[in-house]
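Trainee: Sequence:
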Amino acid sequence: MLGFGKKKKKDKEEAKASEKDLPEEKKESKDAPDTQDEPEKKKKKLPSKKLIFIALLILIAVGASSYIVYTLYFTPKDSNPQNATYKKLELKHINLPEEMLRFSFDYFPDLYVALILFNSEMTLFDKEIARIDAIAQKYPDQKKIADKEKKTWGKAKNTLQKAFLKIEKSVKTTYVLFRVNKEQGLTQIEAKSKELTELAQSALAPARELTQKLKSNKAIPKGFIKGNIDKLKKKFL
Numbered sequence: 005m006l007g008f009g010k011k012k013k014k015d016k017e018e019a020k021a022s023e024k025d026l027p028e029e030k031k032e033s034k035d036a037p038d039t040q041d042e043p044e045k046k047k048k049k050l051p052s053k054k055l056i057f058i059a060l061l062i063l064i065a066v067g068a069s070s071y072i073v074y075t076l077y078f079t080p081k082d083s084n085p086q087n088a089t090y091k092k093l094e095l096k097h098i099n100l101p102e103e104m105l106r107f108s109f110d111y112f113p114d115l116y117v118a119l120i121l122f123n124s125e126m127t128l129f130d131k132e133i134a135r136i137d138a139i140a141q142k143y144p145d146q147k148k149i150a151d152k153e154k155k156t157w158g159k160a161k162n163t164l165q166k167a168f169l170k171i172e173k174s175v176k177t178t179y180v181l182f183r184v185n186k187e188q189g190l191t192q193i194e195a196k197s198k199e200l201t202e203l204a205q206s207a208l209a210p211a212r213e214l215t216q217k218l219k220s221n222k223a224i225p226k227g228f229i230k231g232n233i234d235k236l237k238k239k240f241l
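For the sequence shown, our numbering begins at 5 and goes up steadily by one.
Since the hints were made in silico from the structure, they are not lab data. Beta carbons are placed, not taken as given, at the ideal position from N, Cα and C, and that holds for glycine. Hints are not guaranteed to be accurate.
To be verified - Derived lysine to aspartate or glutamate pairs resembling EDC-like cross-links, with alpha carbons at most 16 Å apart:
{"hint": "1", "residue 1": "Lys91", "residue 2": "Glu103"}
{"hint": "2", "residue 1": "Lys161", "residue 2": "Glu213"}
{"hint": "3", "residue 1": "Lys92", "residue 2": "Glu102"}
{"hint": "4", "residue 1": "Lys148", "residue 2": "Asp137"}
{"hint": "5", "residue 1": "Lys161", "residue 2": "Asp130"}
Stated by the list, open to error - What follows is a set of in silico ranges between Cβ atoms, one per label pair, in the way DEER data are often shown:
{"hint": "6", "residue 1": "Lys176", "residue 2": "Lys152", "range": "36 to 44 Å"}
{"hint": "7", "residue 1": "Lys148", "residue 2": "Ile58", "range": "57 to 65 Å"}
{"hint": "8", "residue 1": "Arg183", "residue 2": "Gln141", "range": "43 to 51 Å"}
{"hint": "9", "residue 1": "Glu213", "residue 2": "Tyr90", "range": "24 to 32 Å"}
Using the sequences plus the hints, can you model the full thing?
Mentor: Structure, rendered in structure tokens:
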């Protein structure tokens, strides 16, 4: 029994000695885990800012198109859509009664938009003339400068007003004819629609060119998002 124990101990010592004699490379390969069978881990690349921006634009486009489709095809529709969409507006620079404004909305839609623009432009003229008057009163010794500028704005306002008085007169005539004889009224609407719209647009063009500088003088909002929204508005509106 003692001899067997000594023999076992001797075998262990010989195994350790043989292990010491092994080259360093073999030792490392023996101790290191076998990684040959493990699949190489691919490095995950983060999406670039450009890809994120494109994805965001796609999401916005999809959302906008979904909203349009829903609005056009799935929202409840009134039996008379014009009743649902027409809204009474306070247009203090227009001399047409409410029923004629509604008539314009129904039968001269492009002209109706021009009437609203005309009212806005007249409001801008009045504000600018009032501003110049205030400066003239504060500095009476420089009144000539203010008077010259005021004359420019006053002339443009009067020209625009005269043009739309003629347009309003034609709308009144067509409205009364339509109420008296609908068939003749519809014929006149068809004949006058393009003509009146072009007259309105021609009158508005120089006025809007003059008032544009008032809009451009507004301070640009600070911040990336607000600043870019303001640029888009100026470009497309």
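Trainee: Would you mind marking each hint as holding or not holding in the structure?
Mentor: Now for the hints, and whether the structure bears them out:
Taken as a hint, the lysine 91 and glutamate 103 pair is honoured in the structure, with Cα atoms around 12 Å apart against an allowance of 16 Å. At roughly 12 Å between alpha-carbon atoms, lysine 161 and glutamate 213 fall within 16 Å of each other, so this suggested pair holds. Restraint check for lysine 92 and glutamate 102: satisfied, since their Cα atoms lie roughly 8 Å apart, inside the 16 Å limit. For the hint linking lysine 148 to aspartate 137, the alpha-carbon distance of about 11 Å falls within 16 Å, and the restraint holds.
With a C-alpha separation of about 8 Å, the suggested pairing of lysine 161 with aspartate 130 holds against the 16 Å cut-off. Against the hinted window of 36 to 44 Å, the Cβ-Cβ separation of lysine 176 and lysine 152 comes to about 37 Å, which satisfies the hint. Separated by about 58 Å at the C-beta atoms, lysine 148 and isoleucine 58 satisfy the suggested range of 57 to 65 Å. Our hint of 43 to 51 Å for arginine 183 and glutamine 141 holds, since their Cβ atoms are close to 49 Å apart.
Hint check: glutamate 213 to tyrosine 90, Cβ distance near 30 Å, so the stated range 24 to 32 Å holds.
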